[in-house]
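*Asks:* Sequence:
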Amino acid sequence: MRSVVGLIAVVAAASLYLYSLSLYLPAAPRRRAHPVSESEHVDSAGSEQPPDRPEEHGRLKFPSDLEELRELAELLQFYKTEHTGYVLLLFCSAYLYKQSFAIPGSSFLNILAGAIFGPYQGLLLACLLTTVGSTMCYLLSQAFGKQYIMNLFPEKVSMLQRKVEDNQDCLFFFLLFLRFFPMTPNWFLNMSAPIVNIPITFFLCSVFIGLLPYNFICVQTGVMLSEVSSLDDLFSWDRLLQLLAIACMALLPGALIRHFSQRRLKLNDHSQNGIRSNKKVQ
Numbered sequence: 001m002r003s004v005v006g007l008i009a010v011v012a013a014a015s016l017y018l019y020s021l022s023l024y025l026p027a028a029p030r031r032r033a034h035p036v037s038e039s040e041h042v043d044s045a046g047s048e049q050p051p052d053r054p055e056e057h058g059r060l061k062f063p064s065d066l067e068e069l070r071e072l073a074e075l076l077q078f079y080k081t082e083h084t085g086y087v088l089l090l091f092c093s094a095y096l097y098k099q100s101f102a103i104p105g106s107s108f109l110n111i112l113a114g115a116i117f118g119p120y121q122g123l124l125l126a127c128l129l130t131t132v133g134s135t136m137c138y139l140l141s142q143a144f145g146k147q148y149i150m151n152l153f154p155e156k157v158s159m160l161q162r163k164v165e166d167n168q169d170c171l172f173f174f175l176l177f178l179r180f181f182p183m184t185p186n187w188f189l190n191m192s193a194p195i196v197n198i199p200i201t202f203f204l205c206s207v208f209i210g211l212l213p214y215n216f217i218c219v220q221t222g223v224m225l226s227e228v229s230s231l232d233d234l235f236s237w238d239r240l241l242q243l244l245a246i247a248c249m250a251l252l253p254g255a256l257i258r259h260f261s262q263r264r265l266k267l268n269d270h271s272q273n274g275i276r277s278n279k280k281v282q
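Mind the numbering: the sequence shown is residues 1 to 282 in the UniProt record's numbering, read in order.
One or more of the hints may lead you astray.
Distance windows between CB atoms, simulated [what the hints assert, rightly or not]:
#1 Gln77 / Lys146: 19 to 27 Å
#2 Glu165 / Ser20: 40 to 48 Å
#3 Pro104 / Leu124: 18 to 26 Å
#4 Tyr120 / Ile8: 36 to 44 Å
#5 Tyr24 / Glu68: 17 to 25 Å
#6 Tyr148 / Gly105: 19 to 27 Å
For the record, the hints were derived by calculation from the structure and aren't laboratory data.
Source: prediction; values computed, not measured.
Glycine included, every Cβ here is placed at the ideal spot set by N, Cα and C.
All chains, please: the whole structure from these sequences, using the hints.
*Replies:* If you want it as structure tokens, here you go:
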């Protein structure tokens, strides 16, 4: 019971902090003034709406589709011109909130990182936040959730435990394989890692390296999302060649891992995703 109360307190405190951070926005940057006629100037002077606040001021929320993602990216890019520190703090806080509490949707935030911060800073930020957030989820599970996770997912936990024991001699390599080719979702692996006695050093290093291709694809998608203005731009030859290069670079590490795993890892003894195979024992 004490663990439930502790977890609820942590979630409530983090939610209150994130809500307060998104609620109290700094003053929006001023847009460049356009030359207007005298009558238009008089009309705008009589308006009660402040000229330096964007219309999208109250629409800060986690995006649920690409349209909302694009609108949020435009809004944060607008704020970033004069409030870079605030945008960075807000983005990092939202990302860590999702990762720490195993909330789906990190792919949208990876895309947003590319759209706001560019290909290099966005990729570095996504990799660091993925690692830190997953490690925080690991620690929260270790402190509060061990018994509950075992009760909710007994078959999945026991399957992962067997795999970890079978691959103790190459555990780090096995963890990399799980990140490249997930036999179980990343959020579940983050929560169950302390239960099956995966060392935290192996865990965080495998997250940083293993999710690098995935983060790379998402960030590059965000960069293109911020650059294209129509479908014609998206399907140009330059953009298609760029997409092909991104896919090749992202698939190469996975192909190497799969090649070496066939000789070193023990993966076929038990079921995947908690479902036993139907192979007959001869």
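*Asks:* Against this structure, judge whether each hint is valid.
*Replies:* Hint check results:
1. Gln77 / Lys146: 19 to 27 Å: Taking Cβ atoms as reference, Gln77 and Lys146 lie about 42 Å apart, which means the hint is violated.
2. Glu165 / Ser20: 40 to 48 Å: Because 45 Å falls inside the window, the suggested range holds.
3. Pro104 / Leu124: 18 to 26 Å: Holds: the Cβ-Cβ distance is about 23 Å, inside 18 to 26 Å.
4. Tyr120 / Ile8: 36 to 44 Å: holds, 39 Å
5. Tyr24 / Glu68: 17 to 25 Å: Since the Cβ atoms of Tyr24 and Glu68 sit about 22 Å apart, the hinted range of 17 to 25 Å holds.
6. Tyr148 / Gly105: 19 to 27 Å: holds, 22 Å
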